[in-house]
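S.K.: Knowing the structure of chain A, use the given hints to seat chain B on it.
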Amino acid sequence: MTAPRPAASPLLLAVEDEPRNAALLEAILGRAGYRLHVATGVTEAREFLDEETPDLVLLDRHLPDGDGLDLIPEIRGSARLGGVPILLVSASVLPRDVQLAMEAGADGFLAKPVRVKPLVEEVRRLLDAGAVAPKLAD
Amino acid sequence: MTLDALLSIALDLAFFAVFALSLIDWIRHRGAIRRVVVLVFASTAIVLGVPVIRVVLPGIGPGLDALIVPALLAQPVLVLWLVSYTRHVPRALLMTAAAAFVSLTAGLFYLAAGGVEPRSGLVIALALAALAYFALVDGAAAIGFALAARARAGASRSRLLTAAVATGLLGLAVVFLLAGGVLTSPGSDAAAVSGAVVRVLALLAALGYLAAFAPPRALRRVSQQAIVYDFIRDLNALPSGAPVERIWELLAATVRRASGAARVEVLHASAAGETGDPRTITVPFSSERWPTTRLELDLPEHALFLEDDLELTELLVDRAVRAAEREAFLLDREGLIVELQAASAAKSDFLAAMSHELRTPLNAIIGFSELLTEGGEDAGDPETVTNYAQHIHGSGLHLLELVNDVLDLARVEAGRLDLKPVPVELDALVRQTVAAVRPLADGKRLAVALQLAPATIEADPARVRQIILNLLSNAIKFTGDGGEIRVSLEADDRGAARLTVADTGQGIAESDLERIFEAFQQAPGEGMPTHHEGTGLGLALTRQLAEAHGGSVAVRSEVGVGSEFTVVLPARAGAAAQEAGPPALPADRPSVLVIEDDPAAQELLRRHLEGAGYAVIATASGRQGLAWMTEVHPDAVILDILLPDLDGWEILQLAKSDAATRSIPIMVVSVVDDRQLGLALGAVDYFVKPVLRERLLEGLGRLTFTTKVRTRTVTALVIDADPEAARRYRDLLEPDGFRVIDAASGGEGLRRAIADQPDLILLDALLPDVDGFELANTLHRDPATATIPIWVTTPTGLEPEAKVRLNGTVQGVLVRGDEGLVAMRQWLETPRRAAPGDAPA
Chain A
3 MTAPRPAASP LLLAVEDEPR NAALLEAILG RAGYRLHVAT GVTEAREFLD
53 EETPDLVLLD RHLPDGDGLD LIPEIRGSAR LGGVPILLVS ASVLPRDVQL
103 AMEAGADGFL AKPVRVKPLV EEVRRLLDAG AVAPKLAD
Chain B
119 MTLDALLSIA LDLAFFAVFA LSLIDWIRHR GAIRRVVVLV FASTAIVLGV
169 PVIRVVLPGI GPGLDALIVP ALLAQPVLVL WLVSYTRHVP RALLMTAAAA
219 FVSLTAGLFY LAAGGVEPRS GLVIALALAA LAYFALVDGA AAIGFALAAR
269 ARAGASRSRL LTAAVATGLL GLAVVFLLAG GVLTSPGSDA AAVSGAVVRV
319 LALLAALGYL AAFAPPRALR RVSQQAIVYD FIRDLNALPS GAPVERIWEL
369 LAATVRRASG AARVEVLHAS AAGETGDPRT ITVPFSSERW PTTRLELDLP
419 EHALFLEDDL ELTELLVDRA VRAAEREAFL LDREGLIVEL QAASAAKSDF
469 LAAMSHELRT PLNAIIGFSE LLTEGGEDAG DPETVTNYAQ HIHGSGLHLL
519 ELVNDVLDLA RVEAGRLDLK PVPVELDALV RQTVAAVRPL ADGKRLAVAL
569 QLAPATIEAD PARVRQIILN LLSNAIKFTG DGGEIRVSLE ADDRGAARLT
619 VADTGQGIAE SDLERIFEAF QQAPGEGMPT HHEGTGLGLA LTRQLAEAHG
669 GSVAVRSEVG VGSEFTVVLP ARAGAAAQEA GPPALPADRP SVLVIEDDPA
719 AQELLRRHLE GAGYAVIATA SGRQGLAWMT EVHPDAVILD ILLPDLDGWE
769 ILQLAKSDAA TRSIPIMVVS VVDDRQLGLA LGAVDYFVKP VLRERLLEGL
819 GRLTFTTKVR TRTVTALVID ADPEAARRYR DLLEPDGFRV IDAASGGEGL
869 RRAIADQPDL ILLDALLPDV DGFELANTLH RDPATATIPI WVTTPTGLEP
919 EAKVRLNGTV QGVLVRGDEG LVAMRQWLET PRRAAPGDAP A
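Sequence order for the protein chains is A and B.
Okay, so the first sequence: first residue is 3 according to the working numbering, each after it adds one.
Okay, so the second sequence: first residue is 119 according to the working numbering, each after it adds one.
Worth flagging that the hints you see were computed from the coordinates, not collected in a lab.
Backbone N, C-alpha and C define an ideal beta-carbon position, used for all residues, glycine too.
A hint or two may mislead.
Label-pair ranges, simulated between beta-carbon atoms [to be verified]:
#1 His511(B) to Thr55(A): 36 to 44 Å
#2 Arg117(A) to Arg813(B): 48 to 56 Å
#3 Pro120(A) to Pro762(B): 48 to 56 Å
Only part of the chain B face toward chain A is listed, based on derived beta-carbon distances under 7 Å [unchecked claim]:
#4 Arg477
#5 Leu480
#6 Leu489
#7 His509
Chain A on its own, in the form it takes in the complex (with noise of 0.2 Å):
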């Protein structure tokens, strides 16, 4: 495995409102080298977004403050943020669930519960997807 070093490591926006799932985030992809930010709801989400530009959001969905895909189209219409990926990371899985997600523009979906390779991996490919992007939106 190799690690970034941490001062270039991408930094990571998981909104996440259960401590513990928050935790488990954190555990794997700093474990993996990232960077991670955690906003337990909508409006701590934004707060975050209005002062960062993270390279990836991670986003679940029920918050107590709001629905995470709330956050997605504020992201795409910003120029700022525009290009980060979002990968939605959700407990509510029928294909329904899923189908919204994608059509409300998020870049990728995993079930909760995750395991660790899957997430660590798309969580890359997303990342390396996304460096290209904003260069083409430059």
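M.R.: Quick look at chain B alone, frame taken from chain A:
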């Protein structure tokens, strides 16, 4: 023997055959009408028969001859007598006919005895008098039958018309007979012809009477078949899904038409019995579905053809019951399908929610355990291992909690929750529970304020702790960092405890206030903004547990300000259910109290009603329901009949005998099918389960001002100088059962409003003595009339300035003309919060 003689013998034989038929019919089915029919036939039979007997048995000839005259003359009186069975015949007419009969008989006997000159004036005068007597009396009788026919319908009508024609023919026959006797000489051709004519007419008349009053079976079948055919056609024309009441209406209408009965009614009660009136006929429905239902008919005073009517009615009832059974079966099936679909949808939702709820803790369990087993650079670090293990353990506990909640909820819903009530010091229990969750609150820097009065109730401590814990964890979960949670406990004078948990959280939208008590409703689901991070079952379980104790849970909330949950637990679990205070009702929506002990049925009713915008309070206890009716005065009550404590019949009786609750409309929704008893006890409507949502809402929609008319007299006072106005409102309102009183001036109007306490005032803006607006204000200010709704009528509409003056004092403004009346109609049909005159609106 000549052809004439043969013909007359044949005709006589035919007549006697008909006479014999009617005689047999009378012997078989004795009855007043048949007796008179036989007498009518007998009179003609004597006239025709005596000459025959004279030929066959010459010895007794002269004695029998004496019978001919009275028998002949009696015929018109007898027919008139027959008419009197079918309709009212003026006594004077009967008397006159009888007097004419007596005097003519006497006159003719005098002639026969006195040997008066055959062609003398007296003979001619008597013959003419007899002619006139026959013509007039038989004519009157024929008209009588025709009138009787006109008042009837169906078979009765055609039979009476036949009788009318027969009477005319009979009269004509006698007139011919007399005319023949007077004008022709015996033995001439003319006499033979007139004799034949008389016989033909008499035979036709006899056949007519037979068809009318003693029809042979085949003939009766024909007329019955026509009616049954029409009835079946009408039944088939009913739209599919028509309520069985429609079928009963059709049945009653058909029976009414066919029998001419004054009252034809389909009755359902087992209680209300026979009236004892011999003219009342009861035909039971003999159906398992409607065991006590029957058709009752009051035959009119001049009832005819009783057995026929009965036979036909039985036939129609049988048809109707079969059609109704089919409809009811279809309706049951439809209701079942709707319920099954709802159940299926609920199951799908439940499974989706379960999946979500299970995956959340499983995510941490699988993820952290994977990290531990996979090994990595940090996996050997004991601190990390402990940390991961703690997450796994915590998530496992969460999972266990979820499983327990599901089991509890299933247990409550199946009615298998065993409460173990012991005396519980509630304040201590609250304190302990708060202490248990304080770390959670501290983690979010939440202030927890306690205000606990001592309260000891009899309850199951484990379950009560569950209730408190659920409310506290909810409050903590939904309140942002640095917020506040206030917990207060008080005991009321009846020993019931009231626990309130208030938070400064995000609040709950009003549209979600009831849904949060449904299992999983606050958890996943598209567009649900709130996420309850417990098991998603907490509030559903909390409510069920509180209700299992005979208590209740209510919520008040304002988005962005906070929520307040109040649990009321009675002094003794379950047993003292009626002592629990009723939940608060919002003032802006019509309210419905549901008294229903089956939790599933209660939930279904709640969902239907809340979906339609009603505020709902529900209880499984009849006593509690009755207490709540007095306390919260709901706009309507939906009542089950089979309840654990008081049954629905008792509740109906008690509610209707108490002035405080009498005016609350009660709708029965039950598996017990005894609509008539329900209505007799004062229910405004009666539904047999399963009841369709639309039916229920339609029934509730009818609980309006107009509905009240059915339970009591609703009086409208019209204050208008124009007498036409009162008439117009009478036309509008009286057909619905309103009582309309009027006053021609403002002064009189005020007096009547105070004295008569009308339910509604219709006030003209232009009055001769006072200003209409002033009067409206006066009425509104006077405590005696303050609660009476007022509608103001104006010729042209109102100036804005006048509208301001009227603001708050009147219900609405009617511009003369139809538009205004439509508005008022709608208002009369709109369910309102308080019954007028019962409480301030």
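S.K.: Each hint should be assessed against the structure and marked as holding or not.
M.R.: Going down the list of hints, with the structure as the test:
1. His511(B) to Thr55(A): 36 to 44 Å: Roughly 37 Å apart at Cβ, these two residues keep to the hinted range, so it holds.
2. Arg117(A) to Arg813(B): 48 to 56 Å: The hint (48 to 56 Å, Cβ to Cβ) holds, given that arginine 117(A) and arginine 813(B) are roughly 52 Å apart.
3. Pro120(A) to Pro762(B): 48 to 56 Å: holds, 55 Å
4. Arg477: holds, 4 Å
5. Leu480: holds, 4 Å
6. Leu489: OK, holds: leucine 489(B) within 7 Å of chain A, min 6 Å.
7. His509: holds, 5 Å
Violated hints for the displayed structure: none, as all numbered hints are satisfied.
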